[in-house]
Structure formats: C-alpha cells, structure tokens
Amino acid sequence: MGIKYVTGNLITSATLDSVSSEDASGFYDKENLYNKMQSLPLRFTAKSGNYVIIDLGADTPVTFAGLYNHNLSTGATVCKLKGYLEATGKPADGSEVGDYDDDFTITAGHQNCYLTLSETMRYWALLLTEAGNPSNLEIGEFILGTHASFTKNFVYPYKEVLRYLRGETITQAGQRWLNKKGKFKRFVLDFLGVKDAHLLSEIQAFFEAIDGEDPFVFVPDDAAVYSWFVNCLSDLDAEREFYDYNNVQIELVEQGRGITLL
Amino acid sequence: MTVPNKIYNLSLSSSYYIIGAQYTGGSLIQYQSEFSVNDISLDSGLDQMVRAEIAYTASYFGRSMVPDLDHMHLNWGILPDLSHSYGLIEVAAGASSSGTMHLRSWQTGVGTWLNAKQNSLISNGLYMVCCNYDPDAPDAEGEWAYWAGKMLSLKVYFLNPVVNNINRLWAPTAGGVAVVLTGLGFNNTDSELETGGPAQPGGWNDEVDTIEFIGLQGQGTTSITRGAGDFTVDSNSQITIPANKFPSLSAGTYYINLKKINVALDDLTTISGYAGDWACDSDGKVFASTRITFFISDTHVDRPFRTRKAPVILSDWYLKDRSDGSEVMRYYSMDTVRCPDRVYKGNLSTISSIPRGFDNRTGLFKVSDLTLDLANNDLEFSKLLAGTTILKNQLVKLYQVYPDEPFGWRSHIISLIIDDYYFEDEIFKVKMKDITQKYFRVSVPREICTEDEYPNIHPDSIGAFIPEVLGLCSLTTGEFRGQIEALCIDTATFKYVAANGALKAIDQVYADDPVAVDTADYTVTVESDGRTYITFTEDQGDKKVTYNGKGYVYAGLNSDNGYVQNPAYILLYFLLVILNIPPTLIDFESFVSAATIFDNMGEDEAGKLILQDEQDPMDVTQDLMAGTKCYPRKDGRLALGKKDMSNYSTNNGETVPVIFRQLDVVDRFERKYNMRDAISLINAEFDYVPTWDLFKSNVSDQADVTIDPWVFIPVEDNLVARTPIRRGGGRRSTRPWAR
Chain A
1 MGIKYVTGNL ITSATLDSVS SEDASGFYDK ENLYNKMQSL PLRFTAKSGN YVIIDLGADT
61 PVTFAGLYNH NLSTGATVCK LKGYLEATGK PADGSEVGDY DDDFTITAGH QNCYLTLSET
121 MRYWALLLTE AGNPSNLEIG EFILGTHASF TKNFVYPYKE VLRYLRGETI TQAGQRWLNK
181 KGKFKRFVLD FLGVKDAHLL SEIQAFFEAI DGEDPFVFVP DDAAVYSWFV NCLSDLDAER
241 EFYDYNNVQI ELVEQGRGIT LL
Chain B
263 MTVPNKIYNL SLSSSYYIIG AQYTGGSLIQ YQSEFSVNDI SLDSGLDQMV RAEIAYTASY
323 FGRSMVPDLD HMHLNWGILP DLSHSYGLIE VAAGASSSGT MHLRSWQTGV GTWLNAKQNS
383 LISNGLYMVC CNYDPDAPDA EGEWAYWAGK MLSLKVYFLN PVVNNINRLW APTAGGVAVV
443 LTGLGFNNTD SELETGGPAQ PGGWNDEVDT IEFIGLQGQG TTSITRGAGD FTVDSNSQIT
503 IPANKFPSLS AGTYYINLKK INVALDDLTT ISGYAGDWAC DSDGKVFAST RITFFISDTH
563 VDRPFRTRKA PVILSDWYLK DRSDGSEVMR YYSMDTVRCP DRVYKGNLST ISSIPRGFDN
623 RTGLFKVSDL TLDLANNDLE FSKLLAGTTI LKNQLVKLYQ VYPDEPFGWR SHIISLIIDD
683 YYFEDEIFKV KMKDITQKYF RVSVPREICT EDEYPNIHPD SIGAFIPEVL GLCSLTTGEF
743 RGQIEALCID TATFKYVAAN GALKAIDQVY ADDPVAVDTA DYTVTVESDG RTYITFTEDQ
803 GDKKVTYNGK GYVYAGLNSD NGYVQNPAYI LLYFLLVILN IPPTLIDFES FVSAATIFDN
863 MGEDEAGKLI LQDEQDPMDV TQDLMAGTKC YPRKDGRLAL GKKDMSNYST NNGETVPVIF
923 RQLDVVDRFE RKYNMRDAIS LINAEFDYVP TWDLFKSNVS DQADVTIDPW VFIPVEDNLV
983 ARTPIRRGGG RRSTRPWAR
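Going down the list, the sequences are from chains A and B. Residue numbers for the first sequence follow the numbering used here, beginning at 1 and rising by one. Residue numbers for the second sequence follow the numbering used here, beginning at 263 and rising by one.
These aren't lab readings, by the way, just hints derived from the structure by calculation. Each residue gets a CB set at the ideal place from its N, CA and C atoms; glycine is no exception.
Covered stretches of chain B (chain A as the covering partner; in silico rule of three or more C-beta atoms under 8 Å from a C-beta of chain A):
{"id": "1", "stretch": "467-480"}
{"id": "2", "stretch": "508-514"}
{"id": "3", "stretch": "659-671"}
Take these sequences, add in the hints, and give me the full structure.
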C-alpha cells in the first residue's frame, strides 16, 4: 500500500469550457471549481441535468479525477465522468456517448469522491443529477490531473485523526461548557530510517510538490475509497530532518469545509 | 386605515419659482416652475404608484394690470405632458395659500393616471403653472402678473402590499400551522386610492390573490391562492392562512411573495411585494426593512439557547469605490459561510470584546474601540487597498447567527465605522469606532462666508458662520432685538445672508435700532443655493443687522404652521441635515413617536435652534434632547426615546403624575421588592427625632445600578425603610409609623 497525491489541476480558466448553470448571486461561480478552496463551491441552479465540460486543448493524459466538498448523497442518480478523444469532438452537454465513461461512487456521510483512470483525451464531461437533494447541487473543487504515488510505504499504520476545534469555558467551580467550532481530518505520516534511494527521490519529489501554500489531493491508502483535499503543515525543517536522520514526520490537515446557512 | 406611502422632497429644477404670464409680442407667454423629485426610485416591492399628494405654498401676487386681474389659479402636472394637469387652487391678489394638491389615480376618459405616468414623474418631475385668469388674462402688450408658488413635497401612495410581521417564522414540512401576516395594502379601500379624483368604475381589484413560497435551495415555488380558499384577506392589514391550508413544503428556507392579480391598471395587472422588504408605520409611511426568511424544518423547534450550536460571527463591510463613489460590499467571517445570496470569506481571525459606555453629557452610547484581526495570507486586503476602495470611515455591521438556523435569522450585534487599519505580518488589523463618532467629530455650523463665494463681502463677515435657524425665533424687546444676525455678503447690492436654508418667513429686521426696518426697505429671497437672503434698498454700512423669523421648512417634519417646530423634529433635522448623518443611520420611527408625545403634551411648537457661533455637536444635541434620550440602536441607527407622561401613574390621590417627591424617612431606605420601576437617585431626610419636622440628616441616596438610569420615578410602594417612613411636605401624620 502507498499514498497517492495530486498537485495542481488541469482545470483552469483556460480549460473550463462550460457549465450547465451557475448561481446568479455572483458568489457561486464556475471558477470556484478550481479556486483551491473547497469551502467555496460552484452552485448549480438545478438538481438534475447538471454538467461541466472541460477542453484540455489536446489529448492529455489524465489519471485522477476527484470531487471535493460536494453536497451529493447516495441518492444521486448520476455522478459520472466522461472522456472524449480530440477526434471524437467536444460534447455539447455530456449526453453524447463518450470514449471513456465511469461513475463516481458516493459514500454516505463522506463529501469527497474520486476515480483513478488512465486515459489520454482532450474533452471531459462531469454529469450530475440528484433530484431528491434538498438543495441545488454544489461542487467545492473539481480536480482533474495525474497522480503521483510512493512505490514503498511510510510507517504503517499512519495516524488518522479527527481534529475538533471547540470553545471551552470552565467555571471556578469546575463546570465545563463546550461548543463545537469545527471538525477536520488530520493525518500524520511517519517515515523512519529511510535508506532506499528510490524512496528518497520519491519523498523529495513529494516535498517539492507540496512545499508551498497550495492545497493538494491526498489519498492515504490506495485501497481506500477516501481522498482528501489537504494542506501540509510541515515545513522545510522536516525536510532537513529527513536528510539528516532519515526520519521525517509529515502532518496534513484537511482544508476547511465551511458552513452552510440556509 | 391608509395606503402604503412615502414622502419625497421636491427641489426646483430652475433657479426661480415664479409662475405667471406676460403678454408679449402679441401673445400670452406663460411661465411655469419645474420641480424635480429627489431620491425617488422604483424599488422591488415598491414600484407601483397609485396616487400622490403635493404640499404647496403660493404666497405672493404681483400684477401690472390693476384692476383687470385679481385672481389666478394654480395648476400642476407631470412633465413633459402638459395636457394632463388637474385641480385648481385659487389665490387672490395679495393673499397666500398653502395646502395639498392631488395627482389623481384615475381620470375619466383617460384611465389610470399617476400609475401610467410614474416613469415620467421620476425622470422629469412636476410643473406648476397659472391659468384661469379672473376676470381677464394679461391681454395688452407688456401686461404681466405673477405669483411665487412652490411645491414642497410629494407624498406618493403605492399599490404594493407591505408585510411588517409574520406570527411565526418556521413550520414543519407537513404544514398544518396557522400563519398570520400583518402589514398594509392587502386590500386597499377604493375611496382611499381615489382621493382627490373621480372613482374608477368597477373598482381597483387590488386584493392579494396569491402567496408564493419561493425556495432558496432549489425547492421551487409553491403558491396558495385566495380563490381556492387557501387564505383569507381579513382586512387591509391582515392575512390569515388557516392551519389546514398551510401547504406541505420541502425542507429549506423560503421567501414569501404576495401577488395581486388582475389589478385594474392600464398596462400592468400583477403587482407583488416580498414580505419584509418594506415595512410601514401606523400612518402607512414605508421604510426599507429586511426580507423575511421562512424556515421549513422537521428538526427545528423553538429551542432554548443552551441547545443551539456555537454561534458564528458575520461581518458586512460597506466600503466605497473612490473612482465613482459606488458601494463595494465585502463579507468576512471566521469560516467560509455559504448563504443563499452571498458568501462570507473566512478571513476573520479575532474580534476584541465590545464594551459599551455612556457619554456623560448626552447619554449617547459610546462604544469602545473594537479591533478586528483578519488573515491577509491571500492578499485580500492588500489588493483591496491597492485598488480604489476606501476603507476609512466606512461602515461595518456585525451579526451573529446559529449554524443550524437560516441566514435570514441572523441578529445584528453592532454597527461601527473603520477608524484605522494597519498590517502586522500577515494579519490585517482594523480599528473600529462607534458610528456616531464619524458624524459628531465636527463643529457646527458647517458653512462659513468666504470671499471666494461672495466677492463683495463685508470684511466683518469673512469667515463668519452662516446661521442655521429652526423653530420660531423672536426677540422683540430690550435694546438689542432680533435673535439672529444676518451677515453682509454684498456691500454693493446691500445683501445679507440670513440663513443657510430656506426660512419659512422673516418677521422683523433690525439694523442697530430697536425699531424694526420698514418691510418696504428690504426684500427676502430664497435663492438657488438654498439660502435665505435679505436685500436692503439702501446701504446699511457697518450696522449690525439682526432679524426674527420662522425657521426652516422640511417636508414631513413641519408643524401645522408649515415649518419645523417640534423639538423631536428639530433634533432630527439637526442630525439629518446639519450633521449630514445618512438616513439609513437614523431610526425615523422613534423620532416620530417622540414627536407625537411632544404633540400630545402641547409642546409641538416649542422647539427652536439657532446655530451662529461654533459649537460642539454633542453640546447642541444635549441642548436639543429636552427630556428625551438619544441613543444608537444596536443596528447603528440613532433613535430618540421619550417617556410619555400620560403613562405615569398617579399615586395617593394626586391629580398630576409624580415625577419627584421628597421622602422623609427615619433611616436610609432599601428596596426589597416590587422592582416595577427603577430608582437611581432619591433625596431623603431621615432620622427624624425628636419632632416630626426636625431631621438629623438630609442626603441624596444613589443606587449603583439601575435598570434604566434615565428614568427617575420614585414610587413609594417600592421603598421599605429600615425603620418607619412617612410622607413629608410639612404635614403632621397621625400615624407616622404606618408602614
């Protein structure tokens, strides 16, 4: 087992071709699909027949597609990714038969989903329908790209933590009052006694990729159905520690999901 | 009952307001005055005018053709269509007239009138013209006749329904709850729509027909109709949806839209209004409010505070673009908060506490400085400041909301202005101040006489404050008469500026002499700059010119005498016009309520204000408060409160309310029960031995904390002396220990 990660996104202002609709308030625009903030989504104005069309400009390798902080439930009747070769031509709304066609799996209580694939195509279509959803459909972040992974693993099991932010007040007599402020997924990956040169280069590439301010996609276990949109809290000190001692600990925290007020 | 309405001020479109006629070149030339309507717009939910009333005055009549013409008539209409003007006001030579003219709702042979012309009214304004000369119009070359006629304000009545309140704001998905909407304009009385004009045959059919529940999360729109018996319009001010008719709705939040279908108008038959967008007072005067959010939920109940989730702080930033003065909105919270019509970015890091105090002179709330820390890692504020956005002195409103309740239910905490800001590493720190500080940190009067504006100004007037005058100002006795000094601003034409606004009248003018100047020796004009001037026929030299007069006229605030006199309205005028506090920051309803109380007390003509020397606005406010309390509400709007004397109870057979009473007590008192009224200060004489009129001590007792520190209502029932207490006032009590 090894981790996967995806940095960057093939979806940009240049490659996002069209969406079926976007909320008229001016806050939930299609640009939110790739704004590196999963808490701020594209909000469609419908629950059915929604689509996103991507034009990558030329047939381009894609190995990973992920939806983060969506509001779909297991009742979604369509949550599908379609690919079209340049030769096939650009789809109008994704109803056309694709050269690639696969469904995302929605897991109850889990607002992320992803697909791994191995296709080289120019046009992509995301199709979404859930008529029974209490709200119009939303996608926080739509990641399309190529993933990297480790050929060998870090120390397993990794630490997977649910981190709760809470407000706390204790009276003088000991009465404790708590308020939940937020909840985050947190991962701690330990690499101990790393000597394998190949793994060294992989980890170095990982650091190079994630070092900075941008969030990225993290799949902690390639056998798992879960992936996360995370920030790396570890900094370059950890990298030096790795080279000095062949040990390193990487802490990843899921990006905030925000709050919805009806 | 009345019809939802709004009052707009009118201003001259040209520099004169003479109306009249002259026979020139073989034809009769008519001169009309044109007035533009200020600040009028057709907003969503308040976009269908039905009729209007114009407050006018016509006060001067001159003619060259004595005695051919001794009456003329006023006529008026909406520009540019001169063919539709209605109603006549007759003014005799040498007389004056003031009152109300009507822009009617319906006209025989024409159809609906004002509604059809509302766009012309907004774009072009009104005109006033003379006609129907009696007995003859000027008909010889050079003959003329004229008035000084002026429109003061326009009161427009609307057909849109206005919802002030709903008896409940949530319901389960299954429905089955009774909902009552209260407001105005649900089914106007036809005769009230037709005041000043003929009745429309067949009526107006303006009863609310449909209520729409419009889902904000894509639930769609569910309509209920009166025709199907889903609700009843109980009156012009109440609609009831019975429990068995309230529809089943999907979970989520909804706006409520009221629709009138097939209203008898010429070109538009459906009129609508969202619940809460507008509200109105008992006179039907509408004011902007907040759209009501109705919540459908099976999990929500009216839960106690303890069971709610931790609240979220929201901040709305009303910034300004310096390039064009437009408003730039920004929204920040402590997390990304997704709402139906906006998103709060999660830049807000910390907020300092919000302590409040009182200004010891005015009783106005003072809010200590508040500091907000905001994350600038995404260069949000660097970019904001690098552009054309102005932050300083701009408004910020803070709200609190519970995450499991609708956004529309957020509660306002406080409104502040940005005083200063700076960067500290990646934190953008913003210092906020009490909103009133922005407007009270000036001196009044606001305008001075300058040589640039008045090239022939008298040297003594350079730099002098131009007077602001409100109420009846009269000093007709003593050596120095005339309460206000006029300032000479043109030594060549003997012209003096009397006031910075349009006075109702100048009654007497004095020039260093207890005897008033003959009215034939000067003229009074209100010119296009809005100021009132006195122009003498002869040079007054270095004489000090003073005058008595009636202060400013302001539509909607005038007393029965036609100018601002009510103490509450004088304070309102001072805040609104002289200090220039935006209307959105003033709670007009509270001023209206206080004015009504002054009116009931017979004090509605008692107020006055003369600003001639430089003063601190806080001092002026303190003077004008006159037994009232002026305070900023939590939404930042300045409000005025006054105790209504008629609510004071009378005790012990007193025929007048007891505001203050000296108590003779044997010892200091304690309040042990009955906290109905608050007492913070009371004078007491105690230890009365050995005889009833000898006391050991006389002190003022002061409580540290009161419920309401501006109310002083000693009610004896609230007090229990440690030892017996008795009434004072020099009367011997036969039972001094009765209590």
